[in-house]
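A.B. asks: Going by the numbering used here, the sequence shown opens with residue 1, and the numbers climb by one from there.
Do not rely on the hints blindly, as some may be mistaken.
Pairwise CB distance ranges (calculated) [claimed, not checked]:
no., residue 1, residue 2, range
1, K49, S128, 43 to 51 angstroms
2, E61, K91, 38 to 46 angstroms
3, F205, K110, 38 to 46 angstroms
4, R132, Q187, 28 to 36 angstroms
5, V44, I125, 24 to 32 angstroms
6, R63, Q10, 23 to 31 angstroms
7, Y12, K155, 43 to 51 angstroms
8, I214, E114, 24 to 32 angstroms
9, D78, V58, 42 to 50 angstroms
10, F79, Q10, 30 to 38 angstroms
11, I125, K4, 18 to 26 angstroms
Derived lysine to aspartate or glutamate pairs resembling DMTMM-like cross-links, with alpha carbons at most 20 angstroms apart [stated by the list, open to error]:
no., residue 1, residue 2
12, K68, D99
13, K171, D71
14, K62, E202
15, K155, D137
16, K68, D40
17, K113, D99
If you are wondering where the hints come from, they were derived from the structure by calculation, not from laboratory data.
In this text, a Cβ means the ideal position worked out from N, Cα and C, and glycines have one as well.
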Amino acid sequence: MLWKFKDCHQYYVDVMEEFGYISYSDVLTASDYNIPQNRDRVFVVSILKNVPNAENFVFPEKRQPRWKLKDFIDISVDFSAPEVQLTEREKSILFRLEDGTLAVREGTKKGYKEINEWQIINLSIPGSKNRRGRVGDNAKTITTSPRQAIYYDGKIRMLTAKEYLRLMGFKDIDYKKMRAAGITDNQICSLAGNSICVPVLEAIFLQLVKLGIIKTPA
1 MLWKFKDCHQ
11 YYVDVMEEFG
21 YISYSDVLTA
31 SDYNIPQNRD
41 RVFVVSILKN
51 VPNAENFVFP
61 EKRQPRWKLK
71 DFIDISVDFS
81 APEVQLTERE
91 KSILFRLEDG
101 TLAVREGTKK
111 GYKEINEWQI
121 INLSIPGSKN
131 RRGRVGDNAK
141 TITTSPRQAI
151 YYDGKIRMLT
161 AKEYLRLMGF
171 KDIDYKKMRA
181 AGITDNQICS
191 LAGNSICVPV
201 LEAIFLQLVK
211 LGIIKTPA
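Based on the sequences and whatever the hints tell you, model everything.
C.D. replies: Okay, here's the thing in structure tokens:
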């Protein structure tokens, strides 16, 4: 947890204790719950102390990966579509090695990182000379203004709003409903960045259900 938020966290725990709650905290990452995204977040669960099993809560165990990043990519997307184009600044940090391998400039001793098929490239802050870890097998943390690209079939394009939602655990029908409600793709990207990864939240609630702390509808 970032130091600047520790006081806020402790204040919350102390206040909830005064109200009769016991609080549990842990850092969970989306990639441990079948979502290929490096997204670490602090989760706090507060339970009334007089509720049966309140003292027995534990955060859900990590799950064995079932899907890879490529399973979340919409291969029907047209590489020439305007919404998936890189800016000229973003293109400027990409280049080909002598053997034809695509690479991106990074702030490392080597100066660049090779990009393999089905890897994510984080193109945010393209002008940074110190940026590292731009390439990976998992998506980087999705922000409210994400600039992440995917490389496959020898070409590169930006992720779509639908793909960002998928990487937060939402279903395609959720994307369709949002578009039908008049929400733009840019707004959807922002909402995805502000959201909580669905499978992580589901796993936490499942723990509460198993302990009988939360009752499911009859």
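A.B. asks: If a hint holds in the structure, say so; if it does not, say that too.
C.D. replies: Hints and how they fare:
{"no.": "1", "hint": "K49 with S128: 43 to 51 angstroms", "verdict": "holds (48 angstroms)"}
{"no.": "2", "hint": "E61 with K91: 38 to 46 angstroms", "verdict": "holds (42 angstroms)"}
{"no.": "3", "hint": "F205 with K110: 38 to 46 angstroms", "verdict": "holds (44 angstroms)"}
{"no.": "4", "hint": "R132 with Q187: 28 to 36 angstroms", "verdict": "holds (30 angstroms)"}
{"no.": "5", "hint": "V44 with I125: 24 to 32 angstroms", "verdict": "holds (31 angstroms)"}
{"no.": "6", "hint": "R63 with Q10: 23 to 31 angstroms", "verdict": "holds (30 angstroms)"}
{"no.": "7", "hint": "Y12 with K155: 43 to 51 angstroms", "verdict": "holds (47 angstroms)"}
{"no.": "8", "hint": "I214 with E114: 24 to 32 angstroms", "verdict": "violated (47 angstroms)"}
{"no.": "9", "hint": "D78 with V58: 42 to 50 angstroms", "verdict": "holds (46 angstroms)"}
{"no.": "10", "hint": "F79 with Q10: 30 to 38 angstroms", "verdict": "violated (49 angstroms)"}
{"no.": "11", "hint": "I125 with K4: 18 to 26 angstroms", "verdict": "holds (21 angstroms)"}
{"no.": "12", "hint": "K68 with D99", "verdict": "violated (27 angstroms)"}
{"no.": "13", "hint": "K171 with D71", "verdict": "holds (13 angstroms)"}
{"no.": "14", "hint": "K62 with E202", "verdict": "holds (13 angstroms)"}
{"no.": "15", "hint": "K155 with D137", "verdict": "holds (16 angstroms)"}
{"no.": "16", "hint": "K68 with D40", "verdict": "holds (18 angstroms)"}
{"no.": "17", "hint": "K113 with D99", "verdict": "holds (14 angstroms)"}
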